[in-house]
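Asks: Top line first, the protein sequences correspond to chains D and Z.
Following our numbering, the numbering of the first sequence begins with 206 at its first residue and continues without gaps.
Following our numbering, the numbering of the second sequence begins with 46 at its first residue and continues without gaps.
Worth double-checking, as some hints may not be accurate.
[Stated by the list, open to error] Label pairs and their computed distance ranges (CB to CB):
1. Leu393(D) to Glu266(Z): 52 to 60 Å
2. Arg76(Z) to Ile462(D): 27 to 35 Å
3. Gly251(Z) to Trp251(D): 38 to 46 Å
4. Trp251(D) to Cys65(Z): 45 to 53 Å
5. Val258(D) to Gly175(Z): 53 to 61 Å
6. Pro85(Z) to Phe399(D): 33 to 41 Å
7. Arg150(Z) to Lys239(D): 20 to 28 Å
8. Ala174(Z) to Val457(D): 56 to 64 Å
9. Gly87(Z) to Val307(D): 22 to 30 Å
10. Leu397(D) to Arg150(Z): 48 to 56 Å
11. Ala309(D) to Gly112(Z): 54 to 62 Å
12. Lys146(Z) to Phe399(D): 55 to 63 Å
13. Pro85(Z) to Phe384(D): 49 to 57 Å
14. Gly175(Z) to Ala309(D): 22 to 30 Å
The set of hints was computed from the structure by calculation and includes no laboratory data.
All residues carry an ideal CB built from backbone N, CA and C; glycine is no exception.
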Amino acid sequence: MATVAPLLTRRLSRLQSLALQARYVRVIAKTEFKLKYADSALGYVWSLIKPLVYFAVLLAVFGSFFKLNTVFADYPIYLLIGIVMYTFFADAAGMTMLSFVVRASLLAKLAFPRVVIPLSATTVATLTFLINLSAVAGFIAWYRIVPNVGWLLLPILLLEFYVFTFGIALILATLFVRFRDVGQVWELVALLLFYVTPIIYPVSYLPADARPIALLNPLAQVIQDVRRVILHRAPEGTIVTAPDVLGQWGRVYPIAITLLVLGVAWLLYKREEPWLAERI
Amino acid sequence: MTLKEYFLHPFHRTTYERNCALNGVNFRVERGEFFGVIGPNGSGKTTLLKILAGILRPTSGTVAVNGRLSPFLELGVGFNPALNARDNVLINGTLLGLTPKQLERSFDKIIAFAELERFVDQKLKNYSAGMQVRLAYAVAIHVPFDILLLDEVLAVGDQSFQEKCFATFDGFRQERKTMVLVSHDLGSVERFCDRVLVLWDGRPAGIGPPDEMIDRYLTLEGIR
Numbered sequence: 206m207a208t209v210a211p212l213l214t215r216r217l218s219r220l221q222s223l224a225l226q227a228r229y230v231r232v233i234a235k236t237e238f239k240l241k242y243a244d245s246a247l248g249y250v251w252s253l254i255k256p257l258v259y260f261a262v263l264l265a266v267f268g269s270f271f272k273l274n275t276v277f278a279d280y281p282i283y284l285l286i287g288i289v290m291y292t293f294f295a296d297a298a299g300m301t302m303l304s305f306v307v308r309a310s311l312l313a314k315l316a317f318p319r320v321v322i323p324l325s326a327t328t329v330a331t332l333t334f335l336i337n338l339s340a341v342a343g344f345i346a347w348y349r350i351v352p353n354v355g356w357l358l359l360p361i362l363l364l365e366f367y368v369f370t371f372g373i374a375l376i377l378a379t380l381f382v383r384f385r386d387v388g389q390v391w392e393l394v395a396l397l398l399f400y401v402t403p404i405i406y407p408v409s410y411l412p413a414d415a416r417p418i419a420l421l422n423p424l425a426q427v428i429q430d431v432r433r434v435i436l437h438r439a440p441e442g443t444i445v446t447a448p449d450v451l452g453q454w455g456r457v458y459p460i461a462i463t464l465l466v467l468g469v470a471w472l473l474y475k476r477e478e479p480w481l482a483e484r485i
Numbered sequence: 046m047t048l049k050e051y052f053l054h055p056f057h058r059t060t061y062e063r064n065c066a067l068n069g070v071n072f073r074v075e076r077g078e079f080f081g082v083i084g085p086n087g088s089g090k091t092t093l094l095k096i097l098a099g100i101l102r103p104t105s106g107t108v109a110v111n112g113r114l115s116p117f118l119e120l121g122v123g124f125n126p127a128l129n130a131r132d133n134v135l136i137n138g139t140l141l142g143l144t145p146k147q148l149e150r151s152f153d154k155i156i157a158f159a160e161l162e163r164f165v166d167q168k169l170k171n172y173s174a175g176m177q178v179r180l181a182y183a184v185a186i187h188v189p190f191d192i193l194l195l196d197e198v199l200a201v202g203d204q205s206f207q208e209k210c211f212a213t214f215d216g217f218r219q220e221r222k223t224m225v226l227v228s229h230d231l232g233s234v235e236r237f238c239d240r241v242l243v244l245w246d247g248r249p250a251g252i253g254p255p256d257e258m259i260d261r262y263l264t265l266e267g268i269r
């Protein structure tokens, strides 16, 4: 069986090859981002409006009508963080799932490490996420929340979030090339995840025995940790994080799951990579 | 394939015919050689180039490529009609392996070769197919390569462009670059190639000097 190495990288050292791949990701992501917002006047703003409108509606329904606003004072920020983060996860996964197929012409005409394509898709989602973060920052300032030392943990938490998202996204992208109904399956899974993860509700609303399971979910663990860090002024016990229900080392489990997901994604991708161009 | 097919019929996974695009192809191209590949449509020529370029993996056999390969299998990989020529050269050049610095240095030369100075800021969708080929070829030859793969794409350009391309071929020969050329233009195959492979229905029908191989191909086609 022949080993076909991406020939553009063949004469290059490891470092040069990585630099080449980085340039690939950069140029593809930049192009995609440009095209996404190029023709529409509102485009740029639309990716900001979507989660904000979502937030407004959910705040009205769950904050006001379902009276979650009474559970603790900063419920709006609590909700907003959850929505913005979940939006990144869902958008990144959805876009990346289609990325190989959308870029079929590139796959058919050029040899390069195929992982560049899902990396570009998640990069575009990350850029959108950063734009949304500016809205969150605005709200945080308006609610007069002051950063403290704990905020230094945020980059690490967001990194874990990205790694998990990328793992799921890569699995979806690889499977989608072969089985197009993965798209339908994902629609359902994404919906389920939205309700299983404590985005709208506080963890205390779950029955006691369900809480450990809920926080095994890396999405839940990271979102709760981010909330705890930003809302450090929230009353003790209102924002439940992994160590509260899974023991002192509770975070290890969802982190382990994250790494497992990444591992599975990588193995699956590596197995399918040589045949992607053919199967598309 | 759908998940349903995958799980319901575990022993009859494929419902399509097994199609062998290439079978028993065996050849060697030396450095500095211009190697032609001819054959009817569907004979496996593009598949062969894709395997050489590392895009497709052969189900059996080995491929050995020594040197940096520039594939020119289609008009401007990564070209996007919604963007202008400047952006597209950047995209295409990067995908072909150029660094930002190299692109900066070569940009004017690329546009000059393509003779498209007036249209640099226009969107590519306003370009004719011939103009797009000019641009794409101009980028491809400014990428440092040892081996060039060309898949019958030059035919779209006009006469003066074709002559310009053929002039670059002479330049490659002097620099001892290797070229694998797939073409239906038997005239240029005869003019430039040192050896030619004839593909017929995925199988090699002969390798040898261009005039003999062209003869063989035309005989197989029933033209001669």
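Asks: Please go over all the hints and tell whether each is borne out by the structure.
Replies: Going down the list of hints, with the structure as the test:
no., hint, result
1, Leu393(D) to Glu266(Z): 52 to 60 Å, "holds, 54 Å"
2, Arg76(Z) to Ile462(D): 27 to 35 Å, "violated, 52 Å"
3, Gly251(Z) to Trp251(D): 38 to 46 Å, "violated, 60 Å"
4, Trp251(D) to Cys65(Z): 45 to 53 Å, "holds, 49 Å"
5, Val258(D) to Gly175(Z): 53 to 61 Å, "violated, 48 Å"
6, Pro85(Z) to Phe399(D): 33 to 41 Å, "violated, 55 Å"
7, Arg150(Z) to Lys239(D): 20 to 28 Å, "holds, 24 Å"
8, Ala174(Z) to Val457(D): 56 to 64 Å, "holds, 59 Å"
9, Gly87(Z) to Val307(D): 22 to 30 Å, "holds, 27 Å"
10, Leu397(D) to Arg150(Z): 48 to 56 Å, "holds, 53 Å"
11, Ala309(D) to Gly112(Z): 54 to 62 Å, "violated, 28 Å"
12, Lys146(Z) to Phe399(D): 55 to 63 Å, "violated, 46 Å"
13, Pro85(Z) to Phe384(D): 49 to 57 Å, "violated, 35 Å"
14, Gly175(Z) to Ala309(D): 22 to 30 Å, "holds, 25 Å"
Consistency note: the structure conflicts with the earlier hints numbered 2, 3, 5, 6, 11, 12 and 13.
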